[in-house]
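The numbering used here puts the first residue of the sequence shown at 1, with every later residue one more than the last.
One thing to keep in mind: the hints can contain errors.
As the list claims (entries may be wrong) - Now the in silico label distances, taken between C-beta atoms and shown as ranges:
#, residue 1, residue 2, range
1, T37, G17, 26 to 36 Å
2, A6, D47, 14 to 24 Å
3, T18, L38, 31 to 41 Å
Just so you know, the hints here were simulated from the structure itself, not pulled from any lab data.
Using N, Cα and C, we set each Cβ at its ideal position, and we do this for glycine too.
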Amino acid sequence: MTTTPADPVNILTLKWGTRYGPKFVNQLHNAIRRHLTLPFRFLCFTDDGDGIHEG
């Protein structure tokens, strides 16, 4: 598989159960947005999306 500079990087994370709340997912997304210079797509697979920001 080859990528071009216009292809976004896919970043996947799982949030399951209650050990980590939506705050941690939101902080992870913000940190990636702050430090990654490439275009990216952030995907979170979860059993409870309450409190997770879109985008």
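For each hint, the structure was consulted:
no. : hint                     : result
1   : T37 with G17: 26 to 36 Å : 33 Å, holds
2   : A6 with D47: 14 to 24 Å  : 33 Å, violated
3   : T18 with L38: 31 to 41 Å : 32 Å, holds
Of the hints listed earlier, the one the structure fails to meet is number 2.
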